[in-house]
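Q: The primary structure of each chain is shown beneath.
Number of protein chains: 2
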Amino acid sequence: MPETSSQNVSMVTCTAPVNIAVIKYWGKRDEELILPINSSLSVTLHQDQLKTTTTVACSRNFQEDRIWLNGKEEDINQPRLQSCLREIRRLARKRRNDEDPNAEITLSHRVHICSVNNFPTAAGLASSAAGYACLVYSLSRLFSVDAELSVVARQGSGSACRSMYGGFVQWKMGERKDGKDSVAEQVAPETHWPELRVLVLVVSADRKPVGSTSGMQTSVQTSELLKHRADHVVPARMDDMIRAIQGQDFATFAELTMKDSNQFHATCLDTFPPIFYLNDISRRVINLVHRYNQHYRETRVAYTFDAGPNAVIYLLQDHVAEFVQTVRHFFPPESNGGEFVKGLSVLSASLPDELIRAISMEPTPRGISYIINTKVGPGPSAVDDQTLHLLGADGLPKKTT
Amino acid sequence: MPETSSQNVSMVTCTAPVNIAVIKYWGKRDEELILPINSSLSVTLHQDQLKTTTTVACSRNFQEDRIWLNGKEEDINQPRLQSCLREIRRLARKRRNDEDPNAEITLSHRVHICSVNNFPTAAGLASSAAGYACLVYSLSRLFSVDAELSVVARQGSGSACRSMYGGFVQWKMGERKDGKDSVAEQVAPETHWPELRVLVLVVSADRKPVGSTSGMQTSVQTSELLKHRADHVVPARMDDMIRAIQGQDFATFAELTMKDSNQFHATCLDTFPPIFYLNDISRRVINLVHRYNQHYRETRVAYTFDAGPNAVIYLLQDHVAEFVQTVRHFFPPESNGGEFVKGLSVLSASLPDELIRAISMEPTPRGISYIINTKVGPGPSAVDDQTLHLLGADGLPKKTT
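Heads up: the sequence lines are chains A and B, in that order. Take 1 as the starting number for the first sequence in our numbering and just add one per residue. Take 1 as the starting number for the second sequence in our numbering and just add one per residue.
No wet-lab data here; the hints were simulated from the structure. Values in this document were obtained by computation on a predicted structure and should not be read as measured data. Not one of these hints is a red herring.
No copy labels: a pair is met if it fits in one copy or bridges any two.
Calculated pairs, DSS-like style, for lysine-lysine (alpha carbon to alpha carbon, straight line, at most 30 Å): (1) Lys28 - Lys180; (2) Lys398 - Lys72; (3) Lys227 - Lys172; (4) Lys398 - Lys342.
I would like the entire structure built from these sequences, with the hints used as guidance.
A: Spelled out as structure tokens, the structure:
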């Protein structure tokens with residue numbers, strides 16, 4: 001239940017996680033409703049390291065809907081924001097009519113939205129998934145909506161629907177034209193595979209790549225390989241991936257993850273004009289991972305890349321210290337830079353000489369800016385502590401000092 | 001007819017061209033016979049700029065088959081060399097038995113082979129196509145073989161079969177198990193499209209990439225997209241490409257060329273572990289070409305990349321001067337380096353400011369080492385001038401001074 005302040009401002013604050021797909025979403029069959037051409041599957045990252053926090057408020061005194069993102073007021077009229085607001089209000093109205101005709105919050109009240117990320121945009125992590133998940137979750141609490149929220153979040157940003165759950169989450173593509181069966185579903189909770197760890201290798205990129213919305217549109221229009229992937233490759237991969245996760249079969253999970261990342265980037269290259277998200281550093285990380293695994297004759301580490309050059313690495317807890325040290329060796333950071341590893345702490349490790357020789361790569365100084373060390377985490381949740389609201393009693397963003 | 005020297009050494013010298021595919025060959029259905037999983041199509045480059053010269057000699061005095069490549073004796077027992085020698089001898093024997101039982105050159109005589117390229121290996125151009133084409137063509141002359149030679153060259157190096165003809169050449173994949181119908185065929189002669197020009201942009205690469213033989217093997221084994229490409233994409237593209245060439249339709253020729261290069265590299269990325277031939281410079285060339293075309297709202301320039309980072313550019317004569325100047329602007333060469341453009345001479349051109357602004361890329365100094373400016377050329381031919389033999393009367397390589 002939202003609290004109501006003395007000034008008749010009702011307010012809710014929630015947080016939501018980032019997710020990283022291991023079976024990639026690329027291509028829509030319906031641009032408006034954001035319906036995908038294939039199912040996808042992701043791992044929800046822990047909010048201790050990466051999260052969005054959003055406060056939503058409504059009041060009869062507000063003149064209009066407004067939104068502030070990372071300290072800056074943005075245009076509330078963006079179509080996708082409007083989709084989410086409209087859908088939530090529709091669900092709320094439906095519920096009121098059904099069950100609760102005397103609700104205290106009038107749906108005609110305008111909302112104020114304020115949202116911040118605890119990670120720099122420069123990290124190149126898609127923040128829209130966490131952002132829309134958090135918005136939809138917060139609004140649902142404000143308006144006491146209890147429905148399938150992933151359908152609403154999906155209409156903000158496709159992959160946002162997967163950030164509505166913790167752990168391992170699939171987004172079933174669905175078949176219906178109205179998108180009602182295109183929903184996210186938890187495959188396994190965040191407690192299911194406690195040894196799994198995630199490293200985000202932040203690569204210093206010089207250019208802004210093609211945005212994913214226009215990129216996937218061009219891919220759907222021009223890539224014959226993408227169509228084959230969506231229709232004939234992904235369905236079997238989804239089944240295999242779910243089995244690998246349920247059975248905690250790391251080698252299979254890792255191989256499928258790498259293959260699917262590569263295939264996604266292959267379809268980008270098959271797009272016309274071609275789209276490139278991987279750069280020479282990304283490629284060096286890929287080679288490093290394959291040589292690392294080859295040295296141990298075991299798939300210990302997996303990479304995946306979204307629409308940018310940053311690598312996300314999946315591995316088991318036991319191998320984190322050595323692999324981080326390997327990355328540090330082949331991508332030596334600036335000695336007077338900030339901390340190289342952020343997030344969960346990492347033990348120090350020494351590198352076997354034969355590993356360094358087996359990898360046999362020229363080090364690339366400063367190729368990787370820093371690493372975020374994190375793990376699988378829970379879905380969105382409400383923040384109880386009222387002092388953490390991002391909006392003040394006046395409904396405006398609190399001044400940060 | 002081969003000449004016979006006083007020392008009973010019969011000798012023939014021939015030259016053969018490089019070819020650059022516009023519909024790519026990647027993947028074999030038979031490793032032994034070198035039968036491809038799809039048809040391909042290439043442009044034969046002019047030998048004034050890029051050629052292999054090979055002298056073959058035989059004599060009763062030679063003790064064994066021997067080969068010298070670019071001044072260094074190599075192992076004659078490589079299986080693919082042996083395939084070509086065996087096939088030529090078999091064809092020669094067949095012919096003798098059929099028509100010419102008293103031929104003066106005994107097939108049991110051993111051969112000496114000496115071959116050189118007029119372009120540096122460092123240019124990263126696949127020399128095996130020109131090399132095997134030249135070997136097979138020379139041997140056929142030495143042994144007076146008159147048969148479908150592309151079948152023999154194919155068994156040395158797949159793409160070598162396309163270097164057996166000038167102009168525009170298709171390699172029909174064939175259907176037979178014995179490969180007899182997997183042959184090269186001229187689509188149009190070198191005189192067909194006189195305005196067409198070819199620029200080889202030699203990119204300074206730091207690493208040796210995965211060889212194409214093992215690369216395509218891994219692709220066939222692991223890439224689901226490659227199979228789809230070979231079975232469902234290439235057949236239609238071959239038809240479209242042949243029509244575009246026959247109709248001198250540059251825009252269609254160029255678009256298909258770029259799309260097919262991109263799709264080939266996409267299947268390399270879909271290979272597991274993935275294979276990368278394009279580097280950041282290659283990608284900048286790709287972006288440059290697309291922005292150049294976009295500026296003129298016309299497809300004036302096409303890129304294609306083989307198993308390495310070098311770009312091969314197709315364009316019409318009228319646009320060479322300006323495009324070369326554009327490349328020089330965005331990849332400024334070392335001021336005290338050698339000549340930037342080798343081969344056919346290029347007029348100087350000034351760049352419109354609005355073109356530079358439209359391309360809007362940071363210049364990358366020394367990203368491209370040099371450009372070879374060439375055009376479509378003829379197939380293999382015999383060298384009449386005896387002073388140009390690479391082997392002396394003793395059957396050993398002439399000393400170069």
